[in-house]
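Q: What follows is the residue order along each chain.
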Amino acid sequence: MNCSDCSEKLDSYLDRELSNTEMLELQLHLEGCPPCADNYEFQASMKRLVRVCCEQDKAPEAFREKLRQILS
Amino acid sequence: MAESPARTAFAEEALTHLDTLYRGALRLTRDPDSAQDLVQEAYLRALRYQHSYQAGTNMKAWLFAIMRNLFWDRFKGSRKEDVSLDDVGEFVLYDKLRDEGAKPEADVLDKLAASEVVAAVEKLPPLHREVVLLVDVEGFSYKDAAQTLGVPIGTVMSRLHRARQQLQKSLYEYAVESGIVRANGAKEVPTDELQ
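Residue numbers (this note's numbering), protein chains in the order written: chain C, 67 to 138; chain X, 1121 to 1315.
Incorrect hints may have been included.
Stated by the list, open to error - Using 30 angstroms as the maximum straight-line C-alpha spacing, the simulated DSS-like pairs for lysine-lysine come out as follows:
(1) C:Lys75 with X:Lys1289
(2) C:Lys113 with X:Lys1216
(3) X:Lys1231 with X:Lys1289
(4) X:Lys1289 with C:Lys124
Just so you know, the hints here were simulated from the structure itself, not pulled from any lab data.
With the hints as constraints, model all of the structure from the sequences given.
A: Okay, here's the thing in structure tokens:
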């Protein structure tokens, strides 16, 4: 695998959507290629950042209770 | 309507996914009142069509599909917004920051305000926003996201890729505007200069 292949599959690797063989191939490339590994770490941090920031919103408790009453 | 144990059990299970639905609705409508209206309507519809849910399948995905379909029907009309992100091009924030002399993760990501990240998500076109919500925020697989949105997996992948690039572009612009990084090769401003 070269850097171009790695870049093309990075989203799927990040999202754990590759086959076991492909995951291993990409992992081996990352272990031997610091620039790609740094880029992967950055993309993974971006994904975490989006999740953490957007996860902060929870349904208000009063709304949850209202729904429970409507649905029961 | 008389309560039944089956209906109560269904409602209770459905309500375990409320935060996911509410977050999704909030990001799609960008308004808490509209989000509550949308979610309430989605739950009522889910209860009405309870018989079409197959026990043991992904209830969260099923509920999200109901909610987002209602969003498109009620808030956007039946026609999907045809907003392309093709003009984003290949924007790679990591490369851009590294070329400009910043340490991308430590110097930039750590300084982004959560509200700006949320704002960048909300600025995405809705068809791209919902893919980010499903895959990046709620952890859906590409397959589940594709089923929820009624599109092929390849469409999920391409929308997700474009959306992530647009997100990084928006956050880069914010980082430049707020002085976290300076464009054109200058190093980032130390934190204490920002206060």
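Q: Work down the list of hints and note, for each, if the structure agrees.
A: Now the hints, each set against the structure:
1. C:Lys75 with X:Lys1289: 20 angstroms, holds
2. C:Lys113 with X:Lys1216: The given pair, whose Cα atoms are some 18 angstroms apart, holds under the 30 angstroms limit.
3. X:Lys1231 with X:Lys1289: Holds. X:Lys1231 to X:Lys1289 sits at ~16 angstroms (cutoff 30 angstroms).
4. X:Lys1289 with C:Lys124: 27 angstroms, holds
Figure legend: structure checked against the earlier numbered hints; every hint is met.
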